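Novice: Residue numbers (UniProt numbering), protein chains in the order written: chain S, 1 to 351; chain H, 1 to 372.
Keep in mind the hints are simulated off the structure, nothing from the lab.
Just so we're clear, the structure is a prediction, and the values are computed from it rather than from any experiment.
Note that CB positions come from ideal geometry on N, CA and C, so glycine has one too.
Some hints here could point you the wrong way.
Straight-line C-alpha distance at most 25 Å; calculated PhoX-like pairs for lysine-lysine [stated by the list, open to error]:
1. Lys-12(S) to Lys-213(H)
2. Lys-12(S) to Lys-266(H)
3. Lys-196(S) to Lys-145(S)
4. Lys-315(S) to Lys-277(S)
5. Lys-112(S) to Lys-315(S)
6. Lys-152(H) to Lys-357(H)
7. Lys-102(H) to Lys-112(S)
8. Lys-36(H) to Lys-122(S)
9. Lys-12(S) to Lys-102(H)
10. Lys-43(H) to Lys-122(S)
11. Lys-102(H) to Lys-266(H)
12. Lys-102(H) to Lys-122(S)
13. Lys-102(H) to Lys-315(S)
14. Lys-112(S) to Lys-36(H)
15. Lys-12(S) to Lys-201(H)
16. Lys-12(S) to Lys-50(H)
17. Lys-213(H) to Lys-102(H)
Covered stretches of chain S, going by a simulated chain H footprint (3 or more residues, C-beta under 8 Å) [what the hints assert, rightly or not]:
18. 80-91
19. 285-299
20. 307-316
21. 333-339
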Amino acid sequence: MTSAALRSRAWKLLEMVTTPLLPSDYLDLVSPLRAGADLRGRIEAVHPETGDAATIVIRPGRGWRGHTAGQYVRIGVDVDGVRLWRAYSITSPTNRQDGRVTITVKAIPDGKVSNHLVRRAKPGTLIQLDLPTGDFVLPQAKPAKVLYLTAGSGITPVMGMLRDTEFDDVVMVHCAPRPQDVIFRNELHDMVADKKLRLTEVHTDTDGMLDIARLDGLVPDWAERETWACGPAGLLDAAEEHWSEHGVQERLHTERFRPSIVVAGDGGEVTFSATGKTVDADGATPLLDIGEEAGVLMPSGCRMGICFGCITPLKAGAVRDLRTGEITEAEPGVLIQTCVSAAAGPCDIER
Amino acid sequence: MTAIDPTAHLTAEQIEELGRELDAIRDEVIADRGEKDAAYIRKVISAQRKLELVSRGVLLFSIFPPAWIIGTAGLSVAKIMDNMEIGHNILHGQWDWMRDPKIHSTTWEWDHVSPADQWKHSHNELHHTYTNVIGKDNDLGYGIMRVDEDQKWHPFHLGQPLWNFLNACFFEYGIAAYDLELGKNLHKRRRKNPEFRARAKAVGRKIRKQVLKDYVIHPLLSGPSFLPTLAATFTANLVRNIWTHSVIMCGHFPEGVQVFERRSIKGETRGQWYLRQMMGSANISGSRAMHFMTGNLSHQIEHHLFPDLPSNRYAEVAVKVRALFEKYELEYVTGPLPKQVFSAWHKVFRLSLPNRKPKVKTPDREKELVAA
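Next up, chain S with everything else stripped away, as it sits in the complex (with noise of 0.2 Å):
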């Protein structure tokens, strides 16, 4: 017998020992971040950045693969009792000779998970992690001249590939409001005082929004630069015009954040994306209802929000909880009660 097949013996054995639980529920006690067990960090830091932005500093479990510079990783935050997973970008170089990573989180307003990350986090706790992932990186071949392009927390991605590659010409224009509000502000101020850096900061409180008709006057030769972009959609809009404009579009890199906009109205289209079926529902009929009435198989138990036996995916979109009036967004592993949720705006039901 291999020793794959052994082992794989042994674990059933385990299993039969520890049943109905898992062998790993009982080494998840002792050793959370083993080889083998479900993908979790451990947060060991928080340094504040600036007024309103922090860096993580996260041990990750040994399932961790490593990354690319320049891509982001989801993770799963307690809030207030509550899993919610949210993407950063990983700003720690990819040789991190401790093999900590580190995300650098700006707090936005009502964002349950920044604020909590960059007020509330405390070092000790362990977080779930997805492997990293995103197609904003580095070519393999070193361009000769590069750009970076930036405006708010759309600094992260960048400063992880700034920390992981050198290269011979670089520049990079950042927009932030205030000087005090430059994420990394005095670590690039050492870059440029090492030559390894051109850097033009836009304060946009006082110059105003960066018009990207000036990036002639600011980088000179923009357009033969390869570029990374990263900030807020109107800024990567006018980018994405500028480089196409002028025939330079493939060496333009953009990478989006994007926030889930829920519009929680009233009522809204509901699909259900298993069977395949789109129907208009009001915002006071349970979504059950609506689903049975539309010939779709919903499993249903007592009706009345106490049996859980109703509870579906939701895909897309935002529910009302009928009882209380307390709306759900969807968000991956939400689950919601169809007998007592009905639509807040459009959305999608995996049934």
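Got chain S sorted already, so can you dock chain H onto it with the hints?
Specialist: Chain H in isolation, oriented as in the chain S frame:
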């Protein structure tokens, strides 16, 4: 059963007002639910797992009597925690709001021979929706006992103290059979129903795994302690079964608890549903440790009003619920465990014999409303 409908003094408006007040209590807890509650259930789960690990570890040396006693006691408590405060409550969806897939009603499996999904159907859906409605809620006597004067007597009921005792000893098997509706489904024709067969198969698998673990693997791992460990796991299961059976008997069987006719729930309003839960359940009074070991089902009334609120909140909710009972002049049936267990057993014995037809029937709301 009392001779007079104890809710007869309430008007339809009062009942709806009562419903609104209960909704407000629920909303308050939901608005306040958060980190502390999540930390609570995580702590309980972790403590249960550690206790089980240590107890099973000690039982490896159960050939030594002190080890047997400590290990058996620890394992009994661990099994009770798994079934009551953890399993029962997670399977109710009480912790689904945390969005932790590992502590969720859709993924949880418990140390019990009834598979979680089957139990959820018979318990969450049937029992909690049709609480104490004769013919709809099979928890009323589990189909083997007569627990109300209105139920028809049959010579079979003469033996019900014995059935009840056996059911207590092997309660988890009783529950599995009950979830399968075994009595109804064993008829020749129904036995072949593919849906029933699939469910019976699932129970068989679960029983095999549980029995293998408790009565084969762990004793074998104990080597020379094989027999003492076997006896220890048997004892722990027995203790857990008798304990859970006793607690559950106290929830709906003690004197003073009402049962309802099938007709009475037709077109039931939210307020009426709440009222039925209030009159159909009974509490157990006692210390915090006692509430914990019953999985807070000692707060059965609060649990039946709000089955999806986290169990650690029932104690604070109970104060407000009790105030409502007083306000609306209703009887809050509660008492210490021995008293309630005795009361429930007394009823089992009493109703094993035939009785004269009661003068006043069980509350029949439909008739009252027509009369009003």
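Novice: Tell me the numbers of any earlier hints that the structure contravenes, in ascending order.
Specialist: 2, 11 and 19
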